[in-house]
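Asks: Single-letter residue listing:
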Amino acid sequence: MTAPAIGEARRRNQPLRVPIVILVAVLIITAVTICAVLGERIAPDSPFVQRLGVGDTLPSPAHIAGTDLLGRDVLSRVIYGARTALVGPVVVAAGAFAIATLLGLLSGYLGGLVDSVITRWVDFMLALPAPLVAIVVVGVMGGGYWTAVLVLVVLFIAPDTRIVRSAVLEQRPRPYIDAARSLGISKRRILFVHILPNIAPIILAYAVLDFGFALVNLAGLSFLGLGVEPGTPDWGRMLFENRNILFSNPVALLLPAGMIILTAVSMNLIGDWLLERFAK
Amino acid sequence: MTGSSLMVVVMRRIAVAIPLLLVISFGVFALVHIAPGDPVRSLLGARTSDPVTLAAIRARYHLDDPLLVQYGKWLSQVIRGDLGVSIQGNQAVTSIIAGRLGVTAFLSLMSTILVLGLGILLGAVAAFRHGTWLDRLVVAFGVFGVSAPTFVTGIFLLYVFGVMLHWFPIFGPGSGFLDRAWHLTLPAIALAISVMAIVVKITRAAMIEELSRDYVMFARARGLSSRRILFAYVLRNSLIPVITAAGLIVVGIVAGAIYVEVTFSLPGLGALTIDAILKRDIPMIQGTTLLFAAFVVLTNLLVDVIYALIDPRIRFCRVAS
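Read top to bottom, the protein sequences are chains A and B. Anchor point for the first sequence: position 224 equals 461 in my numbering, and the numbering is continuous, going up by one each time. Anchor point for the second sequence: position 127 equals 163 in my numbering, and the numbering is continuous, going up by one each time.
Heads up, none of these hints are tricks.
Coverage of chain A stretches by chain B, computed from C-beta distances (three or more under 8 Å per stretch; other residues unrestricted):
1. 357-369
2. 488-498
Under 8 Å between C-beta atoms, here's a sample of chain A residues computed to sit facing chain B:
3. 378
4. 449
5. 453
6. 456
7. 457
8. 461
9. 463
10. 476
11. 484
It is worth saying that the hints were derived from the structure and are not from the lab. Note that beta-carbon positions come from the ideal geometry of N, C-alpha and C, so glycine has one too.
Can you build the whole structure from these sequences, using the hints too?
Replies: Dropping the structure here:
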């Protein structure tokens, strides 16, 4: 393992070179974030005002992306939709990794009974068909955006715990841990002050990947009619509500669909790159 | 020795699958109690709530018994093939499921063939042409496929090939084998893309590693043709990791089928499940969920056994440990 270490050191000393694709992905995520924060300022129209007499129309100078069945401005709805597209996935990624980090640190460092209980539980959770569980449990509980977020947090904990645990196992045999132990440093301090900063890049990279999966899953549940409340401007919900106007205004479907793909692809590219660059 | 060690592997896998199935069935049973409100009301549906009907429902679902006794009685009914009555049409859940199974089975089979055939081919080609533009194209497709959900690719396919080009029908499951295959082509592709991305990724990675092994260089030095090295040795060895991903593939297909059936308005089990969820038809939800989950667990069991059969390392390793 000495050769990669030298390579690693050399690589770390080089100035950070970010590929164009990653820059574009970061730009896209920035743009979506701006839409989420400054929705009111940017949107050309209210996403809620209905014009039942107008109905669904093709793009025109007045409505750049046209209107939906209830005459609402599609572009404004897509811009406002950035909110539910970002907030939920951030909560899922952060929430799942907060719990998974704790479980993974304990399981990987302490070993013994704690480790075998946590590992068994992770194995069991991973044997469940998670996407199916998400649909059925969220649906039976009556749906709703935050119900969906909560169920996804629970389902994401197990795979995330496995990731943190194996990262901890990789740190454990290293000399600095032995040094810390021989100095009599407490277990808690070793876990949170010494190991945690070393595995933080891995956690960050996988959290970004979690964001992408959570975005797709939340949009999917809203598409099935189980996520956000009816009327909420949300990309998945727009696909559900506008299913029947594919002929009269396809933009009302293709725009939110494109935004889901763009955001998810961007997050996955960034996550993969972080993993490649900092976590290996 | 080989026969008995294989038996040990099979028995061990069954010993894991049975508790898993029991826990899943308990979860499915508990759905009645997870649903907000009184279970009797959930099971009543749109029927009039006279005391006689309410008492009949309490008796039918043993709601006055302790929870575990309820579960035991429910499970014994399920094992005998009685999944209860749908609250919508007062029809047996099993007969409704039987009527919808065909479309879902056809769709899943079609996309599984696409996933394995095209996925392994693309992965192999990318690995063989490692570092070229073709490889990069396949990798890009992989990233896209993993990120783009089934319902989104489905809508794009529907628009381009159904609405713009009129190559494929945009509605209905079709009748007869060829007509059905034609109707289900776009749904099967939409379903296949995201799952295929996983297969492409795994095949490519496994194959790149396999191509760099000493035996490949030795075979080249001995003058064996590239085609023979690729198909007879490298591909065969690279497929083992794909088999381990079978669990992901099955779950991807089953969950994806739900989204695809809703996107393309197909009358299959997935659409039936969503319909039942939106109408709070608990017995129906229990029926389809149990079927999907059992299918996933049993397929995984079967794959594990096949895995032990093809790769001798697995059965000797496990038995030795």
